[in-house]
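J.: If you want the building blocks of each chain, they are given just below.
2 protein chains.
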Amino acid sequence: MHKIEVDAEMDLLEENKRLAEENRKILKEKGVIAINVMGAIGSGKTLLIEKTVEALKDFKVGAILGDVIAKDDYERVARYGVKAMPLNTGKECHLDAHLVHHALEDFDLDGIDVLFIENVGNLICPVDFDLGENYRVVMVSVTEGDDVVGKHPEIFRLADVIIINKVELAEAVEANVDKMVEDARRLNPKAKIIKMDLKKGIGFDEWMEWLTCVLQSQER
Amino acid sequence: MHKIEVDAEMDLLEENKRLAEENRKILKEKGVIAINVMGAIGSGKTLLIEKTVEALKDFKVGAILGDVIAKDDYERVARYGVKAMPLNTGKECHLDAHLVHHALEDFDLDGIDVLFIENVGNLICPVDFDLGENYRVVMVSVTEGDDVVGKHPEIFRLADVIIINKVELAEAVEANVDKMVEDARRLNPKAKIIKMDLKKGIGFDEWMEWLTCVLQSQER
Chain Y
415 MHKIEVDAEM DLLEENKRLA EENRKILKEK GVIAINVMGA IGSGKTLLIE
465 KTVEALKDFK VGAILGDVIA KDDYERVARY GVKAMPLNTG KECHLDAHLV
515 HHALEDFDLD GIDVLFIENV GNLICPVDFD LGENYRVVMV SVTEGDDVVG
565 KHPEIFRLAD VIIINKVELA EAVEANVDKM VEDARRLNPK AKIIKMDLKK
615 GIGFDEWMEW LTCVLQSQER
Chain E
415 MHKIEVDAEM DLLEENKRLA EENRKILKEK GVIAINVMGA IGSGKTLLIE
465 KTVEALKDFK VGAILGDVIA KDDYERVARY GVKAMPLNTG KECHLDAHLV
515 HHALEDFDLD GIDVLFIENV GNLICPVDFD LGENYRVVMV SVTEGDDVVG
565 KHPEIFRLAD VIIINKVELA EAVEANVDKM VEDARRLNPK AKIIKMDLKK
615 GIGFDEWMEW LTCVLQSQER
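So the sequence lines, in the order shown, correspond to chains Y and E. Residue numbering for the first sequence follows my numbering, beginning at 415 and increasing consecutively. Residue numbering for the second sequence follows my numbering, beginning at 415 and increasing consecutively.
One or more hints might be untrue.
Where chains are identical, the list cannot tell them apart; a pair therefore holds if satisfied intra-copy or between any two copies.
Computed cross-link-like contacts, DSBU-like style, restricted to lysine-lysine with a CA-CA straight-line distance of at most 35 Å [to be verified]: (1) LYS485 x LYS497; (2) LYS497 x LYS593; (3) LYS465 x LYS613; (4) LYS444 x LYS593; (5) LYS614 x LYS439; (6) LYS604 x LYS442.
Derived from the structure by calculation, the hints contain no laboratory data. These numbers were taken from a predicted model, which means no experiment stands behind them.
Build the full structure now, drawing on both the sequences and the hints.
T.: Next comes the structure, spelled out in C-alpha cells:
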C-alpha cells in the first residue's frame, strides 16, 4: 500500500526468519521438539494440548500458551503440573520468533522432550511467522463451517498435521466433513489429516500415534 | 518492537482515521447507513447478512463482503439480487478504510439505505480500523467456547450490537451462554446483546427490530 509499510514488513519478516533459525538452534541443542499449534478461535487447541499432556507418559512436555490474553489457557495447561508459560501478544494476532525467543530465554528447557507452542486463534496472521518450530499443526472445527479450509489456503499448505475437530457436531451444524478433508488434501497432499472430536475421544489415538512416532524417531 | 514498525503503524492508523472520516462523509451524502459486521470465522456473519437481505423489504440493501478470499461470501449474498461486491484482502486479517474507500468508488450507492460491510473473520485485527461505518456488530458463536468474549475485550468494547449465535448448540459444546452474556455486558454496558440461533430462527426478530429502528430513526 505505502512504501514505508512494505519496507518495514520486509525487514520484519527477514528479522523473524533470522530469529526463527536461532530458536531452532536453541531447541535442537536442548534436544527439544517444538510444535506450533495453530488454528481458529475455539477450535480446540488448548484442549488438544491438555489431553496430550495427560496422555504422554514417556515424554516430558512443556507448553508456551500464546494469546492476546494468555492467562486462561496457561492455567488450563499448568494444572497438569507441566512446565508452562503464558505469552501475551497484547494486540498482535500471531506469535513471532522474537516473542518466542524471549520466552525461550526464560523457559527452562532442560529435560523437556516436546514443547507445544499455542499460537493466537486465527487462520491468517500466523502464516508468515516461522517460530523456529519443527512441526506445525493446524486445527479447525466443523462448527466454523465446511468452507473454512478452502477459504484459508496458505495456513493449510504449511501444515504437517491438519486436524478437523468436533466432527460429531457436523450434522447439527450442517457441515460436510468430507468436503473439508478433500479441501485439505487438495491444498496439502503431504499433511497428515485427522478427523477428530476431542470431547468425544474420536481421532485422539491417531494424533497420539503421529506424535509418538515423531518423538521416537526424531534425532535429538 | 522496532521503531520503524511503530512509526509505520502510527502513520497507518492516522491515515486510516482520515480515510474513515472521508468514507463516513461519502456515505452520509448518499444517505447510506453503514454497518461493519465483525466476528470470528464461521460465527454466522454472512448468513446474518443473507437473512437480513431477505427480510428487509422496505429498505434497499447493499453489501461489501470482505475476506482473504471473498468470492464465496459474495456469491452467497449476491444471489438475493442485491448490490454486492467482494473485497479481497489477500493476506490481511482485517478491512481498512483505504480498501473500503476504493470499494465505495466503484459501488453505486444511489438508492441504497443500508450497506453491510462484512469484515474478515477474527476478533483481533479489525479492532483498530474504523471503516467509516455508523454501527458495529460483533458476532460470536457458542461453539468457539464460552471464554471467547472475555478473551477478546477490545472488539466487544466498541460494538453497538453483540450477537451470541448458535445458542441451540450450547449444551452440545458445553458452553455457558449466560457467562458469555455477562462477559459482554461487563465489557460493554451500552451494547445491545442478542442471544441468537440463526439456523433455528432464534433471536433474528430481535436483530431486525434493532435494525429497523435504527434505519427508521436515522437522519440521512
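J.: Provide an ascending list of the numbers of those earlier hints which the structure does not satisfy.
T.: Of the numbered hints, 4 and 5 do not hold.
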